[in-house]
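The listed protein sequences derive, respectively, from chains A and B.
Quick note on the UniProt record's numbering: the first sequence kicks off at 1 and runs consecutively.
Quick note on the UniProt record's numbering: the second sequence kicks off at 1 and runs consecutively.
Hints in this document: simulated from the structure, not taken from any laboratory.
Don't take every hint at face value.
Simulated crosslink set (DSS-like; lysine-lysine; CA at most 25 Å straight-line) [unchecked claim]:
no. : chain 1 : residue 1 : chain 2 : residue 2
1   : B       : Lys180    : B       : Lys146
2   : B       : Lys132    : B       : Lys180
3   : B       : Lys180    : A       : Lys146
4   : B       : Lys437    : A       : Lys180
5   : A       : Lys146    : A       : Lys132
6   : A       : Lys132    : A       : Lys180
7   : A       : Lys180    : B       : Lys132
8   : A       : Lys146    : B       : Lys522
9   : B       : Lys132    : B       : Lys146
10  : A       : Lys180    : A       : Lys146
Which bits of chain B does chain A cover? Going by a derived footprint, with three or more residues having C-beta under 8 Å, they are [unchecked claim]:
no. : stretch
11  : 149-163
12  : 246-255
13  : 490-502
Listed next, with one range per pair, are the computed distances between beta-carbon atoms [stated by the list, open to error]:
no. : chain 1 : residue 1 : chain 2 : residue 2 : range
14  : A       : Phe202    : B       : His127    : 52 to 62 Å
15  : A       : Asp147    : B       : Ala526    : 51 to 61 Å
16  : B       : Gly436    : A       : Glu398    : 20 to 30 Å
17  : B       : Thr133    : A       : Tyr444    : 33 to 43 Å
18  : A       : Asn134    : B       : Asn237    : 21 to 31 Å
Note that CB positions come from ideal geometry on N, CA and C, so glycine has one too.
2 protein chains.
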Amino acid sequence: MPAEKAPGLVTSHETDRDWWRGAVIYQIYPRSFQDTNNDGIGDLRGITRRLPYVASLGVDAIWVSPFFKSPMDDFGYDVSDYRAVDPMFGTLADFDAMIAEAHRLGLKVMIDQVLSHTSDQHHWFRHSRMDKTNRYADWYVWADPKDDGTPPNNWLSIFGGSAWEWDTNRRQYYLHNFLKSQPDLNFHNPDVQEALLADVRFWLDRGVDGFRLDTVNFYFHSTGLENNPPLAPELRNATIAPDVNPYNHQDHLYDKSQPENLAFLERFRALLDEYPAAAAVGEVGDAQRGLQIVADYTTGSDRMHMCYSFDFLSSTRLTAERVREVVQEFEDAAPTGWCCWAFSNHDVVRHGSRWADHVVDRNGFLKMNATLILTLRGSVCLYQGEELGLTEAVLDFEDLQDPYGIQFWPTFKGRDGCRTPMVWSHNEPNAGFSEGKPWLPVPYEHLTSTADLQAEHDDSILQHYRRMLAFRERHQVFAKGSIAFADAPDNVLMFVREHQGTRMLVVINMSDRPRSVELDDKGWQAVENSPHGDVPREGDTLELAPFGAFFATMEA
Amino acid sequence: MPAEKAPGLVTSHETDRDWWRGAVIYQIYPRSFQDTNNDGIGDLRGITRRLPYVASLGVDAIWVSPFFKSPMDDFGYDVSDYRAVDPMFGTLADFDAMIAEAHRLGLKVMIDQVLSHTSDQHHWFRHSRMDKTNRYADWYVWADPKDDGTPPNNWLSIFGGSAWEWDTNRRQYYLHNFLKSQPDLNFHNPDVQEALLADVRFWLDRGVDGFRLDTVNFYFHSTGLENNPPLAPELRNATIAPDVNPYNHQDHLYDKSQPENLAFLERFRALLDEYPAAAAVGEVGDAQRGLQIVADYTTGSDRMHMCYSFDFLSSTRLTAERVREVVQEFEDAAPTGWCCWAFSNHDVVRHGSRWADHVVDRNGFLKMNATLILTLRGSVCLYQGEELGLTEAVLDFEDLQDPYGIQFWPTFKGRDGCRTPMVWSHNEPNAGFSEGKPWLPVPYEHLTSTADLQAEHDDSILQHYRRMLAFRERHQVFAKGSIAFADAPDNVLMFVREHQGTRMLVVINMSDRPRSVELDDKGWQAVENSPHGDVPREGDTLELAPFGAFFATMEA
Ligand SMILES: [Ca+2]
Ligand SMILES: [Ca+2]
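Input sequences plus hints: build the corresponding full structure.
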């Protein structure tokens, strides 16, 4: 493996308030990263143990999915105590050790904050449901039934069925956009905001460098509880929910994405700005206006630092035309906003399968994907195993753990297929993840993609990620520069990044065929030591190999 | 214990097509009656073993709750194969042995038929949900979503939430009046009726004497799928669903109790009439018009033999006024119909608690209840343990098994409290039910009410039931006679039964105070050997003890 980052970098990172802009963030799903006590479940000590590997990739930060106290109905996205580490994952001391090791290696640490809802086991909800007059009575979204006993409106849970669950104590319904054991907090109540911000401060004081905010556009609902209008079939899409989910049949005007959220995000940002260099990335889930919301949340410097939408997390085929369209749409909507792009995460089918199952040269295609995401304008989230080119695991119904998959089986198989254990070494039990029985099986087909095997082969996907990350690090224009697209042949993406007088041309052949590309200017100088090697060039004409890429610079 | 019934009775029963009229039926809940293989779950061999006890009570028949193949989501009321015995309960050979032993003891055998819905594991449903064109596509109630993706109408499941569940294969909703794993069969499809009747015939050919039909008024829905109208709060009642259940907020005009059911019941009766003496009792669950439906279903001789409604299964306090009102209402609605009365069963809080928790002399009260139900006009269902005066078990949430209780906890604790194991002997493990860990705990407070202890005490509730059943057997007027109520002092119930020239006066003091009652006629001759002993009488004036009763005859 390459050497760890030089310790000298730590200092520069710590003083750079703008470190997040263009940063590459490696997402760790703790349950599946590394188990150290052989209960089959990854833990914080396991993360700490594997951090040198993460640093060796050349990323800037880690985002750790929830490790807080939780009944684990939604695998930690149902928090019952925002300030405690779930015993399954370790202790606060383990967390402190993890953060110290990350900082020693020059890695920032971002943690997940699931503020939109709590677990129904959180003491706030246990109180709230007792009656209509307790201190926490208004901390969740309660509503009387309609005259016929049915829920107050037509809102649907993403995880299936009505978004309203009956409570026998209060004889009212409460709102849950996700599982019924994930009641939605009432952000219209200022006490709720105060309490959450105090919990966020707890972690800032403990040394975290930032946050990933789960479902950041779900914080507020419309207090009028208006019905969402139906959405015509031709307008529906499966960006944030599978095609078979009737959630997609509504235009979600009232159950989320309310304007009141902007003021809360400003409060949240003001808290972060009390600290030297804390940053946040928000998850925006909206199938109709995701990029516009990202623009609203990230424009200026007083809300989110950055957000990601689901545009590249859906199954819509990745083409040059599609990439240009999505990125340009965001640039137009938010010239001063900031996106964080992701192709895979713990909620969607791995793009190693989602986009690549039809591709003959899968490795070439996935390397091209890496080149693409690491050269676009924006920050980047990489999801553990993405750097190995892992495919979606095919699980039996009996192996399923995800309630979402159990609900919509078999046409939607849930999220377990992207949550199987990380594969470290080809000759250890369970690929080095655990000596116990893993909570999800290690798929047989991943055993040839382990990190140790790929580290030994220079043409592996893993080594390509490392080279591209180093390349990005050498050329600051990738992290901070503007972007301008140019026309190019079919399924070739061409754009220029520009930053402080440096211009970088990027030409990516997203097709599986060779492509000839005419450059508009003889002045482009090919960058040396390109991770894609030298590209044959006759005057202005490049001869790009399938999935090949070309980089050139020009001083302004 | 008293001797078994004389074998000679068997023959007379077998030839009496009218045996069910006025019969006393002992309900056995197999999971909780007697375990023989120590897996903590009662079984068919356990029933067979305990049948001599049942016969010793003096009842006419047993009704065995479902023992069919089932995933047991609703403890057997979700059948996946109508013709198979679930391995948990035994084999068809065990069933045959049970029926042979019952018949040897002079007991009729009625089994439960759950025809309104199947388990979602029944092969009919597994096929039906595959697509819209398979052979079973129309065997269940499928409907498209509304434009906004929500269910087609406002129908609610008794077990909580919408009565419609989304299916991802068909992208349609299916109807379930109970659990979502209990899809409702589409009785409008004649093939469904044929298939069910063939399954019913299977058991008739195997020798059963009759059936209890689960939720007999739920077979048909309105094909218009009209919304049920809301029900004004003052009209709501908790007869068939707990007070906290929003199911009670609707007037169930369209989701059940449709007129098409009468024709199906006639088909069903025609099948039974092919056999020498088969009879059926239907369960009618309707909070607004239960007695009217019972009248409709039992009037004449071509539908149900008898039905029971929930009027005496609710928590409405049992008073003389209430009894007279309910029984008279039914007599007026259906002079030729036939009711089956029950105070307890496997679905409701045991009346030993439901009505008796406020009573100081609980034993006296429960004996009076036995006297009452065994002297009213109608047949009778006794529920296992009722003859011991068992109270509702108080269970911890952790002990709950019933999904209905888990759903509506803590304000409605479900049905587990009436389903704890039968208590046979005070000095055996788990009161003789099982040497393994019972599926529900044996409540400590039941250990002083075991059958063996009560059999030794002449003044026990058990011995009172035996005496009353023998009394009823001696006086055929109780089984077959008409009924006419007379005015009586506060909380005293007075009525005359009359049959083939015999008139029997019954006076029951339902209050916990002594009552003086004037008789209207000096001709009433006190019956000798009354289970309530001799009642002091001065001329026309009876001096009834608290919970006392008086019986007198007069030849017409
Ligand atoms: Ca572990
Ligand atoms: Ca057993």
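Output the indices of the hints that this structure fails to meet, ascending.
4, 7, 8 and 13
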